[in-house]
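Line by line, the protein sequences are chains A and B.
Position 169, counted from 1, in the first sequence is what the numbering used here calls 169; the numbers after and before it change by one each time, with no gaps.
Take the position in the second sequence, starting the count at 1, then add 377; the result is the number in the numbering used here.
Derived from the structure by calculation, the hints contain no laboratory data.
Owing to the predicted nature of the structure, the values given are computational and were not obtained by experimental measurement.
Note that the Cβ used here is the ideal one computed from N, Cα and C, for glycine as well.
There may be inaccurate statements among the hints.
[Claimed, not checked] Residues from chain B that face chain A, not an exhaustive set, calculated with beta carbons under 10 Å:
{"hint": "1", "residue": "564"}
{"hint": "2", "residue": "614"}
{"hint": "3", "residue": "617"}
{"hint": "4", "residue": "745"}
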Amino acid sequence: MPHSYTPGLTVTEQTTVRRRRMLSLPGSVLVTIGETVRADQAVARAELPGKVYPLNLANQLGVAPDEIHEYLIKKVGDPVRKDEILAENKPLIKWLKTEVRSPITGVVESVSSVTGQVLLREPPRLLELLGYVDGRIVEVIPQQGVVVEATCSLVQGIFGIGGETRGEIVIAVTSPDEALTPRHLTADMKGKVVVGGSFVSSDALARAKEVGVAGVVIGGIHDKDLRALLGYDIGVAITGTEQVGLTLILTEGFGSIPMADKTFTLFSAHAGQPASISGATQIRAGVIRPEIIIPKQADAAGDHGMATVPQREGIRIGDQVRIIRDPLFGKIGEVASLPADLQKIPTESDVRVMEVRFADGSRAVIPRTNIELIEGS
Amino acid sequence: MASQEPAQTAHPLNVIVATDCGSTTTKAILIEKVGDEYRQTYRGEAPTTVEAPFEDVTRGVLNAIAEIEELSGRKILDGDQIMTPCRDPKTGVDIYISTSSAGGGLQMMVTGVVQNMTGESAQRAALGAGAIVIDVLASNDGRLPHEKIERIRTMRPDMILMSGGTDGGAVSHVVEMAEYIAAAEPRPRFGATYKLPLVYAGNTDAQPQVKKILGEKTALVLTENIRPVLERENLAPARNKIHDLFLEHVMQQAPGYKKLIEMAGAPIMPTPAAVGVIMETIAKREHLNLIGVDIGGATTDVFSVFEGLFNRTVSANLGMSYSISNVLAEAGLANIMRWVPFTIDEQTLRNRIKNKMIRPTTIPQTLDELQIEHAIAREALRLALIHHKSLATALKGIQQERTISDVFEQQQSGKTLIDMLKLDLIVGSGGILSHAPRRVQSMLMMVDAYEPLGVTRLSVDSIFMMPHLGVLSTIDEKAATDVFVRDCMVYLGTCIAPIGQGKDGDRCADYVITFADERVDKGTLAFGDLRLVPLAGDQKASIVIQPVKQVNLGAGAGVSVTREVQGGVVGLLLDGRGRPLQLPTDHNARVAALTKWYSAVGLYPTAS
């Protein structure tokens, strides 16, 4: 049965990725198809409508809602400055006069004779959308965004926090099972993407923030240290908007877990090269995994027409897999056999299993749903 | 419940394949007519594929159906197509139907004028239609106008339901809310270019103004007022509009749903709406008061029918995989640990829960992991019921006629409809309850979480097929009923739980059970005892319980109760642990108590 397995995380030396860059509201696209863009280059721009301030003029003037038009000095569409008079009454005795002044600088958006309300809107804010990866524009969606294609090395993490950023890759530890400690983090790592080994403690994260690193890529973290970093507990894994001073990407999971050899080796081969990273994770409703994209140099990229979409045919004997549930959580091995029949596991559940062979020759029977393919070549 | 016309099929339905596209897995079942009755025969499942690299929900559907093909030997798929109708006895199916909660379900924002009146009515209408309510905005919700506008801007619902005002009443508040929504220019969660569907179900007098303000900016649909007069709710028209818009707009935007709609022979129903149909049918057919629960990976839905009144709530972030970490955050570690019969350090437990959150499709492989998941499930079930009780209420804000005899009864309007003493049946569904390795585990999870009072029957969905049968019932009532009775509903047994507390070992109640074969079992239930008396599902017994003087079984303190009770695959559970249920606070004493109870009912292999 090739159908019951969890698609794995991609760790690959060469692939072509396409990243859809979309404005959150219609605007204008600044680039054209075929154009080469840099990660830090604006590719589209939109004006985010300003904040709205409702003001109940009828109440403030003490008149009926359908009468407020008679008292308005500004009309719909007029610009106003802060403290400028919006409306006033004209009493016979001057000192009974009431003036209503604008609390903001902006425009009069609407006037309602049903509710007596005036809506004022602040000037729009300019939103710039960056390219995110060094690459080429392969699609333009008018008014909405673009698709950037890049030939690159790609590592997907399992969980991350913090948004998109970029920096040069620096390997801070000597092996994938070494923990990242404060002493590994030096001042020259400012603005860089620091790759650690098995674990990062809260001390090391504090030091990374102090140094000003752009991102930390690590095997695992304790849940309590993540809570300390964020100041709250994550209930549902939808992340990417955290403002903690750096982007954090876990490649393996929670706890102290050595980074997979393949992942560590790939990073080591690209030390010193620039990378685009994103901590955005969304495990529910359309999975987004955090990622590290290391673009190939322009001359190495060559000409390419289509993005490569990995073909997954299911799981096969000999495939490399990672165990993703206790008691062997984090261990990596290869598929030794795929029995077709259901087997009883210690919980007494009858499930589909596979036999996994480890580097030391030992074997274990694991529910198929508790393994993850290590994908990419 | 659904407003759609039943699907018209030209041929008889003898073979049916149905799927439920859940947030974690897509479950397929095959239903075949065997002789004169319909039976569920095979089942397959596969990970749901709304995510990359597939981003097409039909991929998971085809994978789950491919499993059925392999198990049954029936050829159902022709490439990416489901072969309908049947071509010969081993090829094709007569219809394919589906429910879905993948992609985060239907997420709605509702508005009203008074929060606990039209606001709550709107919430009930949306929940009843199978939605997750992400916020309730009301004129009197305490937020300043600009805060409301900011909130509407930042949330990206699939749909908005606007209510407010009784027909003929003042229009200004509801118009004001329409102005806020227009100013916020709300955008839908999926699809940047299409207009956000908005159902207006408020004061009909305000319809022209609402149309003027929102007609251009949203895909506006006007319908009847959900609260035409203060004393009456009229939720059905709004619910039906929500269903229609869900199919026409929202589902069209989710990855692969267009294809799924084309594949299906009947309208796709939101999973909770389909389960709701089943729960309502059970209650009506047997004239019962019931609580039903569907505990999933992302959400826990609770349904209740009391005195014929149906209510549904969804706890959007209480679930066993995607939302598992939120159960920990909401319940607190101590509340989860109180159900775990061994010692585990906090860091390990927290890391394990987070690892389940990020790899939601994994299953417990060891007994201690299973026990931890069962502990978390108890808390998710408990919290979801608290949430349900707060929303399943009588209408608030209406005048009550009082006589002189009511003077001393401080009864408020809008009290909860859930009365655990009047509860006849608890129905459990969802992976953790349907797939528990031993049925007694499902029973005790529900008993511990809900603390039923007096005499209550419990049942469970055998392999999780209530959503499938819910949608099937809209096209073929007989097929749905046949499968429900024979293959879906598993009666676990009856729980007898005296209300009161006492010292462990002290007498709680004396009982006499007379079985159908006239065998008699006499005994004393002590405080702190949990006892299981075997009684098969097709058997009944008569039980006479005489509680001690401070203990109540529903008839009053110390008053004897005689009841006819039904058995089940587990039997009769005599629960002398007291109500409210209190666990020892000391760690060692608590572990000892749990070990004793779990062992008494044979809950886990080591304890049996």
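These are the hints, each one checked on the structure:
{"no.": "1", "hint": "564", "in the structure": "holds (7 Å)"}
{"no.": "2", "hint": "614", "in the structure": "violated (25 Å)"}
{"no.": "3", "hint": "617", "in the structure": "violated (25 Å)"}
{"no.": "4", "hint": "745", "in the structure": "holds (9 Å)"}
Comparing the model with each numbered hint stated earlier shows that hints 2 and 3 do not hold.
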